[in-house]
Amino acid sequence: MEINTESEDSASEQHLRRLERERRLKEIEESFQNIDQLAKQQQQDIYSNVFTERGQEESLQRQKDTLEAEHRNHGNNVFSKVSEFISQKMQNNEQQPPSFHVQSPTGVASFPDIEPVGVAKRGTGAYWNRDNHHNNNGRVRKTVITRVKQFATEVWSANKSTKKTWIVLTVFFLFIFIIAVLDARTYEGIPLHVSEETLTNINILKPVLEGHNIDNKKLSDYSSPEWVSMLWLAEEITLDKATIGSISEPVVFEENGSAVISFNEAYKDVRTLLERFVLLVLYHSTNSIDAPWQKKDFWLTEGLSVCSWYEVKCTELRSDDISFEVVSEINLSSNRLSGTIPDVVSKLEGLRSLLLENNFLYGQVPSSLGQLSSLQILEISNNELTGEVPESVCRLREYGDLTTFISDCGGSDNDIECSPTCCTECI
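Numbering-wise (our numbering), the sequence shown opens with residue 8 and increments by one.
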């Protein structure tokens, strides 16, 4: 009978490797136990003497630092041995990847399965298989969760100094993570389909709007009508339905009283975009899915002038060979508007008539309406507005062009207070 010497040699080599692994594991275990025992003894001696022998405080601190340095160095040597062991096992390329645990009185460290990078064997013993890829992902997730739990247990059971260090590091990295998330979500609330070009347009529009005293907080609040309107306008520009034109150039215009008599292209482009923005804010402030407008023909139609939107009328401004239209009348009476009158309406410098009666508007009359120096007719009766009519609006009756101001009056729960010298008619 022939004796298979190659098989015996292979079995002998495997046996020797197994013995070597057991020896190394035992050495690691003993090292951890010795280090832990020595550290506990030294720490106990320090704490028992530091408060009774003040003169030895600096000496004890030096001993403690030396001990911790030796602890770290020894730990590095241990893990170097572990790394060497893993490398050796990978080079041996055994069928089953190594998995082992190291335990000590102070904590438990468990090393994950080590798999050679780029190896994909066929058969049931393969390190990686496309068919069970999703099962492997689930196993990896469970392994990660287990490692995190073990790490938390080790930190919690560590001595006070180590625990404090880990807590500080955890808080620091958590802070960095939060900053990174906030930075990555600079435009939180933007739909996923928004393009980089639209974001660029937002960055161009925002300073222009802020330059006309549009509230920066509202422009940065991703749930506000101002933000939604700015995003809508930026997307419209991206689709070439509107143009930025020369809004970043210096604006030049000349007035005669409250009338603009001379202006450049930048003034035309800025005012056109600004008035479009204002009407968008008015729409988003008073229209919702639960309480939609009764009629909104052509409102929010991309590329269509606001002068063609339902019940919006415009007047032409001309300067030399430059001309454009500005909003002069808005009549949304009896149209089921629900919400508050936005402050930005005051940016419609050429507005002469604002009719909002017979709706469901609530809140107070914005004092900013007093900036509408061209306003002649204001009707806000039969709404749910409360409070007093702002003095700035009443001054338009005395010093401005406001000749008709119809409102609820009386100061009851459902009426606003308006003096006879301010309102021309109380409903």
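If you are wondering where the hints come from, they were derived from the structure by calculation, not from laboratory data. Among the hints, a few may not be true.
[To be verified] Label-pair ranges, simulated between beta-carbon atoms:
#, residue 1, residue 2, range
1, S360, E204, 29 to 39 Å
2, L206, I174, 36 to 46 Å
3, G310, I174, 21 to 31 Å
4, L206, N41, 26 to 36 Å
5, Y317, T347, 13 to 23 Å
[Stated by the list, open to error] Listed next, the in silico SDA-like pairs over lysine to any residue satisfying Cα-Cα at most 20 Å (straight line):
#, residue 1, residue 2
6, K248, I296
7, K225, K248
8, K225, Q371
9, K224, K302
10, K302, R343
11, K47, T172
Just so we're clear, the structure is a prediction, and the values are computed from it rather than from any experiment. For glycine and all other residues, C-beta sits at the position ideal for the given N, C-alpha and C.
Taking the hints in turn, this is what the structure says about them:
no. : hint                    : result
1   : S360 / E204: 29 to 39 Å : 38 Å, holds
2   : L206 / I174: 36 to 46 Å : 39 Å, holds
3   : G310 / I174: 21 to 31 Å : 58 Å, violated
4   : L206 / N41: 26 to 36 Å  : 60 Å, violated
5   : Y317 / T347: 13 to 23 Å : 21 Å, holds
6   : K248 / I296             : 25 Å, violated
7   : K225 / K248             : 25 Å, violated
8   : K225 / Q371             : 18 Å, holds
9   : K224 / K302             : 31 Å, violated
10  : K302 / R343             : 9 Å, holds
11  : K47 / T172              : 18 Å, holds
When each numbered hint is compared with the structure, violations occur for hints 3, 4, 6, 7 and 9.
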